[in-house]
Amino acid sequence: MDVELRHLRTLAAIAEEGTVTAAAARLHVTQPAVSRTLAQLEARVGVRLVDRSSRHLDLTRAGETLLGHGRAILAHLDAALADTRAHDRPLRLGYTCAVLGQRTVPLLRSWRRSRPHVPLEVVRQDNHTAGLATGATDVAVLRTAPADPRIRTEALYTEDRVAALPDDHPLADRDRVRLAELTSGPPLPLALWPGTGTASVDLWPPAQRPDRTVDVHNVDEWLHLIAMGGAFGVGAAGTAESHGHPGVRFVPVEDAPAATVHLARPAHPTHPRTEEFLAAVREVVGTQG
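In numbering that gives the first Met the number 0, the protein residues as written are 0 to 288.
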């Protein structure tokens, strides 16, 4: 039985698109080519795989069975090809606002000493998976766990919350502040970056929430807006440890819940050294914690 990868890809495209026309467009081939490939596959396995009784094509039970195995085969092949290509490129560590705070430099130095032949790139990606969903990164440190079935996460540790205030704010010289104090002083809006930041108005009881919020796109915009006196922010301690900024003071918030730092990676690793790097992160966190 000579079943080829093109047969499996065609069956998958038909199942997911529902018509020969759409499957052909997805595969960048002609409609007759899709029909011929399907006919060849059915002839080689000896059973009907697609029900052609309606305009929308549905798989038969035999087709569903073959598709399940076929998808696994294609996924393993894609992972093998990704591993092969990855041997010649750096492992990419993604983040949005901070990596591991004070643990970042020990991690980078430890990796370089122990694996000098495996370069590591630290890449900021301003999206909710820090580049994992798009394939721009191989591993990521996140402070908001994404609800994405393609991403696996584990909690590493928690960080205290800090208020980011303009340095001329009345609370900027305090050793600690409370959430209610942040919304009872000068009428500044709360700066948020949706999808990647750790703060929201839900940190406050309903009666004490900020009157206004303003959205930013990344940590740089967040810091600049706060420095010019246009807003205040609440972030995780790792952000303060990684982003000193003239005009911004970071003050611990004593009654805010801690933020969780997550280690994330794709369900199907995109670099052959992924597991080694995950182990290295856990070791640094354990020894520094």
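These are calculated hints, taken from the structure and not from any lab test. Cβ atoms here follow ideal geometry from the backbone N, Cα and C, with glycine treated the same way. Wrong hints could be hidden among the right ones.
[Stated by the list, open to error] Cβ-Cβ distance ranges computed for the label pairs, FRET-style:
#1 Ala-32 x His-223: 46 to 56 Å
#2 Ala-21 x Ala-257: 44 to 54 Å
#3 Gly-67 x Ala-206: 19 to 29 Å
#4 Arg-211 x Gln-30: 27 to 37 Å
#5 Pro-105 x Val-2: 48 to 58 Å
#6 Pro-256 x Gly-67: 16 to 26 Å
#7 Ala-71 x Arg-123: 52 to 62 Å
#8 Gly-229 x Asp-159: 49 to 59 Å
#9 Val-44 x Val-121: 44 to 54 Å
#10 Glu-253 x Arg-151: 31 to 41 Å
Hints, one by one, checked against the model:
For the pair Ala-32 and His-223, the supplied restraint of 46 to 56 Å holds, since their beta-carbon distance comes to about 54 Å. About 48 Å separates the C-beta atoms of Ala-21 and Ala-257, a value consistent with the hinted range of 44 to 54 Å. Between Gly-67 and Ala-206 the Cβ separation comes to about 53 Å, which falls outside the hinted range of 19 to 29 Å. Distance hint for Arg-211 and Gln-30: a CB-CB separation of about 55 Å, inconsistent with the stated range 27 to 37 Å.
The given range of 48 to 58 Å is respected by Pro-105 and Val-2, whose C-beta atoms sit roughly 51 Å from each other. The beta-carbon spacing between Pro-256 and Gly-67, approximately 43 Å, falls outside the hinted interval of 16 to 26 Å. Between Ala-71 and Arg-123 the beta carbons are some 35 Å apart, a value that contradicts the proposed interval 52 to 62 Å. Checked against the given bound of 49 to 59 Å, the beta carbons of Gly-229 and Asp-159, roughly 25 Å apart, lie outside it.
Between Val-44 and Val-121 the beta carbon distance is about 48 Å. The supplied range of 44 to 54 Å therefore holds. Between Glu-253 and Arg-151 the Cβ separation comes to about 33 Å, which falls inside the hinted range of 31 to 41 Å.
Violated hints for the displayed structure, listed by number in ascending order: 3, 4, 6, 7, 8.
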